[in-house]
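Construct all of the structure, not just a fragment, from the sequences and the given hints.
Here is what each chain is made of, one letter per residue.
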Amino acid sequence: MTAPASTLTETTGHDAPRRRRRTSGSALVRYGFIAPAALYLALFFGYPIVKNLVMSFQEYTSATFFSGVAPFVGLANYRAVLSDPIFLKALTNTGIFTVVSIAGQFVIGMVLALFFRRSFPLSGFLRSMLLLPWLLPMVVSAAIWRWILEQDSGILNQFLSAVGLISSPIPWLTSSDTALIAVVMVNIWLGIPFNVVLLYSGLQAIPEELYEAGEIDGATGWSAFRHITLPLLRPVVSVVLLLGVIYTIKVLDLILGLTGGGPANATQTIATRSYEMSFIEFDFGQGAALGNVLIVIALIFSVVYLRANARSAKKG
Amino acid sequence: MMSNHPSSSSPASPADPAVNGALRPSRRALGAFVAVPGLLSLAACGGSGGGSGSGEPSVLRVVDYYNTPADDVVIQKTLETVASDAGMTIKREKVPGEQLIQKVLQMSSSKTLPDLLMLDNPDLQEIASSGALVPLEDFGIDTSGFKKEILDAGTFEGKVYGLAPTVNTIALFYNTAMLADAGVEPPTTWDELTSAAKALTHDDVYGIAFSAIATYEGTWQFLPFMWSNGGDETDISTPEVAGAAQLWADLVSDGSASKGVVNWGQGDVIDQFKAGKAAMAVNGPWNIVGLQEDAPDLEWDVAIIPVPAEGDDSVAPLGGEVWTIPQTGDTEKQKKAAEVLQAFVSAENQLTMGTARNTIPADTEAAKTFASDHPELATFVEQVSTARSRTGKLGTEWPTTAKAIYTAFQQVLVDGADPETAFGDAADSLG
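Line by line, the protein sequences give chains Z and C.
Going letter by letter, the first sequence gives residues 20 to 335 in this note's numbering.
Going letter by letter, the second sequence gives residues 343 to 773 in this note's numbering.
These are calculated hints, taken from the structure and not from any lab test.
Just so you know, these numbers come straight off a predicted model, no measurement behind them.
Beta carbons: idealized from backbone N, C-alpha and C, even for Gly.
Among these hints, one or two may not hold up.
If you only want the chain Z side, here are some residues facing chain C, beta carbon under 7 angstroms, derived [to be verified]:
1. S81
2. F84
3. F85
4. S86
5. Q170
6. D171
7. L192
8. G279
9. G281
10. E300
Some chain C residues judged to face chain Z by a derived CB distance under 7 angstroms, without partners named [unchecked claim]:
11. E468
12. A556
13. S600
14. N605
15. T742
This is the structure in structure tokens:
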């Protein structure tokens, strides 16, 4: 670790004057290296975001695709989107869906990661089996879960009533009281592999000596987790949670596959509603406006989260 | 790209001045080498969107969504035959059904629309209104022989833009053995329907299955009940529209239909019927092939969708795909496409495709021949004869109304909302 670092300092020290002398040439070269990545970003990330922003201020219908004509309508799309009777419901659902999904995925993922930290027979095999939900295409997962959650003949209800937990079948996907719970449940299942893999690799990086030292000081079990594992795992936890929120807040295919936003809008989120506005009602301007609302929510969340994280990192 | 460059393949220590000096010019070259192709490929991207249809003069590009073997084979064969008669060949692209509209919008913005385009009929007006299609009369296509209702499904602002060689609709499938066991006749009125469904319900068998899902599919299944009850899509706040929702709600609250209907597509409905878990099912002829293959021992028949009272007309929605000629700007190609389309929808081809796909020929005379050749589909022929198109009255307003309808009946079935209130609110939301 130390030897290469010192060579590096030496090297840069050695190199610095020469580089300064030939600034214009080497700067060009440097930009040349950055250019492909910058172009790629501008083209595939910048353009869609800008385009979506512009679209949200336009009357953008299916005719626009052919004629290219999209008159600017100011804030009309945003007004329409925010006064949409389903907006508040979709916003609440998005909040519940995101928070509960992340909490569930994270807690279960953490427990499993800690569990797999011990070595036991077949642990490698079981760990790879855990990745299965990740490997299945989302459409397939959604279709399978629709069968599992089917009210009359679904395996989940059959199981629950066989073990005597329920007396009448639960209308998982067909009641507005349970549909959101069911969708969150499936999303937690989907997110567990991601959480386990990242947290497990984070745990691997914590040196065993720390636990041995902790043990001498009397920190075992929960207090070892609290005072050794958690603080050292914080960077990984941040990444897991932040990516989790970004992935979850925009989940579309899973909800479309399970309930299509129904029944009676019970599982409608901002993402599904935005999809509906664009591709069912053919109002792409409003769809874009709602999509931007979602982006803003995600951005606010990211900024708040990163700030909080930076502060706690400084403190810790 | 970078690793192909000879000088970057050998790792050189930057601390060694000799090596570093030797490297420097080629590094600069490398920078240019990397940047220039990037720009070139960008320029190429911008330039490639200009073409339309197919570049070759004798090839017609076709886009449709016929993916199941039953549809795919006969469509391909018929298209190839009519095209070769016109001295053309076809290049066909099959798109998954739910992605077709996105694909069409993409193609219309990149000016890569095909020479012949298939659309699901309720989408026709939306696409025609965008200007992406040409009126078929511009190319002198003869539409006589097509029934007005069927032409309506391909008409936008008084002009025909799309022709359906064959059409379909929905009717009531029933399990003959179960009906016989229960001593029930196929229902013809709503009263008979509710009592039959109740009588047929026992253990894990429901009397009836239908699709009340929150998509256009649900609305499509709701329409025959709504229309037969005198309801109309131009005003969904009427008691007639609410009455149809009440019928569905009664069937579900009786336990004659599963609460699962609110999340069942038509494929799920026919699966329930196949599995013997539903004695009756509202469904269409496109599922007959699957039904025969998956459940060869099941005895079933088809009846007209029951009407509110004896003597009422059973009005079902007209389904099926229309074929259109997109606005590609290549008049010669369009003429050829029109010639091919005219031949494609001939009565003879209608019969061939109808037979292979269990769909009903659009031509009135051909439909009669078809009914006598295929007695098992006679009910559908009859149901089609009174069917009408979904977009005939509302045009491009249809999608939002269709959505308002499924939202309202879902509230009735899921949240137990009062039908009149739910449909009143839905009508208000349409403004």
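Exercise. Taking the numbered hints from earlier one at a time, note which ones the structure violates and give those numbers from smallest to largest.
Key: No numbers; nothing is violated.
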